[in-house]
Amino acid sequence: MPIKRLDKTPMPVRQAGLRAHDFAEVNRGYGAAQAAFEAERCLRCQDAVCEDGCPVRVPIPEFVHRVATGDLRGAADLLRSANPLPAICGRVCPQESQCESRCSMARRFEPVAIGHLERFVADWERSQPPTVAPNLTRSERIAIVGAGPAGLVCAGALARLGYPVTIYEALHAPGGVLRYGIPEFRLPKAILDWEIGLLQALGVEIACNVIIGKTITLDALMNEMGYAAVFIGTGAGLPRFLGIPGEELNGVMSANEFLTRVNLMRGFEFPEADTPVQRARRVAVVGAGNTAMDAVRTALRLGAERALIVYRRSDQEMSARVEEYHHAVEEGVEFHWLTNPLEVVDDGHGWVGGLRCQQMTLGEPDASGRARPLPVAGSEFVLPVESVILAIGTTPNPLLTRTTAGLATNRHGCLLVDERTAETSRSGVFAGGDAVTGAATVILAAGAGKRAAQSIHEALQARR
Amino acid sequence: MAQILEARPLTPVTKYFRLAAPLIAAAAQPGQFVMLRVREGGERIPITIADYDRAAGTISLVVQQVGATTSLVCALEAGESILDVAGPLGMAVELPARGHVCGVGGGFGSAALLCLMRELRRRGLATTAIVGARTRELVILADELAPLCDRLEVCTDDGSTGFRGFVSQRLAQLIEAGGASRPDQVIAIGPMAMMRAIADTTRGTGIRTLVSMDPLMVDGTGMCGGCRVTVGGKPMFACVDGPCFDAHEVDFDVAMRRNKAYQAQERQARDRLACMAQREAR
Ligand SMILES: Cc1cc2nc3c(=O)[nH]c(=O)nc-3n(C[C@H](O)[C@H](O)[C@H](O)COP(=O)(O)OP(=O)(O)OC[C@H]3O[C@@H](n4cnc5c(N)ncnc54)[C@H](O)[C@@H]3O)c2cc1C
Ligand code: FES
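Residue numbers (numbering that gives the first Met the number 0), protein chains in the order written: chain A, 0 to 463; chain B, 0 to 281.
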């Protein structure tokens with residue numbers, strides 16, 4: 000066997016000092032030579048353990064092999080057969096805790112850069128003329144609620160099976176978190192638009208500005224409008240707040256609000272775009288997940304002199320993708336680990352004047368299995384900031400469940416579904432993605448949408 | 000996309016619109032609102048549903064020109080369309096099963112009394128509408144409201160028509176008068192200062208009072224929390240839990256302050272729009 004290079008082929012990135020001031024994509028992607036080079040590192044293990052780490056079981060060694068041999072069309076088709084959103088997942092999946100964590104190379108060296116290769120193949124695919132055409136041969140129409148990754152993937156899979164599908168989306172543009180949450184510098188909206196264009200080419204209809212449960216009830220979809228089945232992919236968009244004093248001050252907002260103003264509403268172009276966004280000099284972002292990293296790096300790009308992450312646990316418990324963390328460090332984000340916010344301080348005019356915090360130390364593991372942070376007595380201090388952005392989690396939006404009888408949820412408001420079929424407590428109504436799991440990942444939502452499509456197909460076949 | 004079927008100015012700064020929006024018309028209830036966007040790159044703004052006609056499939060809105068986006072809306076005419084209209088959002092206002100309900104409208108807020116009064120009458124309740132404005136020319140929709148309620152009270156600050164004084168003062172008189180004049184519930188919609196005055200008027204009278212809050216909103220679907228209103232010391236999302244809340248529980252100081260969070264940018268946007276209009280005129 001030829002000797003393998005030990006380290007990953009590095010992802011070409013834009014220089015930190017430049018990119019921290021604009022919204023263009025940070026990663027530039029492999030060239031063809033780099034991709035082939037990296038693909039050569041794969042050991043093509045007999046039992047492809049990497050696939051066990053992939054929630055949708057992409058046939059990884061085979062697609063990587065096709066990249067190595069230059070069969071990009073073959074690689075693209077194989078990839079897409081397993082993962083309907085490869086260009087997006089190649090950019091946003093937490094590979095380090097999924098496929099790449101299992102890679103045999105990773106036992107001694109660096110894993111194969113599976114994510115970068117996925118992105119490379121999918122980007123190549125986008126440069127080719129699309130080859131889909133609608134083939135809606137069936138009579139049963141299906142309604143999808145929510146145009147996030149779960150809904151989009153479910154719609155695509157059903158359309159490929161021949162079903163006429165309509166997606167109902169509450170906002171004025173489809174994409175869910177991919178549209179309003181994840182910023183342009185990490186996921187260019189042109190990629191999302193291309194994927195949506197592909198769905199439309201398959202004959203999927205998208206009706207924006209329709210809030211199911213408000214504009215149209217779920218019952219009306221099933222009865223008056225005659226849909227044979229409904230898939231709910233409404234996500235987990237309701238932001239949590241800390242419940243500490245001063246949260247009502249001007250300058251305190253959820254990361255969802257901050258990111259929506261910037262991404263969906265293009266607030267970074269204000270006043271060319273009409274929605275304003277606060278550009279504070281010093282910004283504290285509370286939390287350490289992907290949302291927190293996106294918010295803090297967005298704040299930098301809007302001109303913040305200091306952009307801080309404030310997190311009550313340590314870097315070990317951070318849930319953000321490692322790549323985002325590294326990028327944030329390079330761009331100059333400051334990290335305040337083991338720091339617990341106690342109060343947002345009033346500047347005397349009803350605006351944020353600072354964030355009073357307390358130092359923490361790690362104790363015994365708590366219910367989540369992570370070390371419990373404990374306060375250090377007498378350690379209080381005030382971080383001087385003008386804006387506080389909260390990225391401490393979201394829960395499912397209650398709009399639909401509040402107005403629909405018989406949709407069972409757990410105590411967090413997540414929809415309860417049959418594990419095998421993804422059917423909810425209402426017959427003919429299926430669900431998946433964050434609405435079921437609580438805030439999770441794009442690939443889990445996409446995988447759930449795909450499996451639900453299969454399940455809907457089986458249920459409709461059985462009904463005949 | 001919603002087509003404008005009718006558009007007419009009510010005052011120099013407010014305009015009445017009737018839109019074709021059959022799905023929203025079919026679902027709307029008094030107290031709810033829609034989110035509008037008028038152009039690509041445009042802002043999403045909440046507008047209270049003034050009225051709806053389920054049979055005709057139309058909704059009515061009254062828009063007051065206060066900022067850049069509302070100015071763009073007010074420039075639209077019948078035959079044109081509004082890019083995005085989503086709704087109905089928020090909860091329907093809670094109505095009592097019986098008794099006498101008084102709706103109070105200040106400025107463009109009077110418009111929302113149209114569907115409220117119609118619905119109350121349909122349910123067989125006794126109704127009073129109090130509408131107010133600074134001066135006679137600014138009183139809106141009084142003729143349309145008159146046939147929909149048992150009693151209509153018009154108030155102007157300068158006394159140019161109707162009662163001379165604030166709507167809250169007239170309400171205080173009705174409460175004072177007692178008997179059939181005294182309402183069992185009050186629902187107020189209009190400028191924050193007026194809603195606060197109404198809250199103060201009914202405080203301690205035992206009259207249940209609701210106010211329709213209009214915080215800044217981004218999505219209007221519960222996704223951002225920008226519309227937080229402090230009610231009974233707790234944060235509530237006006238777009239999902241409201242927009243109508245118990246007037247005696249609302250923290251108006253916080254609400255008024257939060258509404259000014261983007262004042263500087265709003266001014267910048269308004270000036271820019273005016274400047275561009277001037278350039279176009281030249
Ligand atoms: C800022 C941010 C960064 C993230 N980064 C990553 C990352 O790097 N990697 C990763 O894997 N995951 C990431 N995630 C998580 C990931 O985006 C989500 O897990 C995923 O988008 C969930 O998909 P979904 O389809 O279930 O829901 P969503 O993407 O939330 O979409 C739900 C859609 O349904 C619509 N909707 C809701 N209610 C209704 C209704 N009643 N009627 C009609 N429409 C409705 C909503 O408007 C929305 O468009 C991130 C999340 C955020 C917020
Ligand atoms: S407007 Fe965003 S949550 Fe209410």
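Hints are not guaranteed to be accurate.
Unchecked claim - Quick look at which bits of chain B chain A covers, simulated, 3 or more residues with Cβ under 8 Å:
| # | stretch |
| --- | --- |
| 1 | 21 to 32 |
| 2 | 86 to 99 |
| 3 | 157 to 171 |
| 4 | 212 to 220 |
| 5 | 227 to 240 |
| 6 | 252 to 259 |
| 7 | 264 to 275 |
Hints were generated in silico from the structure; no laboratory data involved. Keep in mind it's a predicted model, so treat the numbers as computed, not measured. Backbone N, C-alpha and C fix where the C-beta goes; we use that ideal spot for every residue, glycine too.
A quick look at each hint next to the structure:
With 3 residues having a beta carbon nearer than 8 Å to a beta carbon of chain A, the stretch 21 to 32 of chain B meets the requirement of three or more and the stated coverage holds. Only residues whose C-beta sits within less than 8 Å of a C-beta in chain A count toward coverage, and the stretch 86 to 99 of chain B has 3 of them, enough to reach three; the restraint holds. Judged by the Cβ-Cβ criterion of 8 Å, the stretch 157 to 171 of chain B is not covered by chain A as claimed, because only 0 of its residues qualify and three are needed. Residues of the stretch 212 to 220 of chain B lying with their CB closer than 8 Å to a CB of chain A number 3, which satisfies the three-residue condition for coverage.
Only residues whose beta carbon comes within less than 8 Å of a beta carbon in chain A count, and the stretch 227 to 240 of chain B has 4; three or more means the coverage holds. Figure legend: the stretch 252 to 259 of chain B, annotated as covered by chain A; annotation consistent (4 residues with Cβ-Cβ distances under 8 Å, at least 3 required). Coverage of a stretch by a chain is defined here by at least three residues with a beta carbon nearer than 8 Å to that chain's beta carbons; for the stretch 264 to 275 of chain B and chain A the count is 5, and the condition holds.
Consistency note: the structure conflicts with earlier hint 3 alone.
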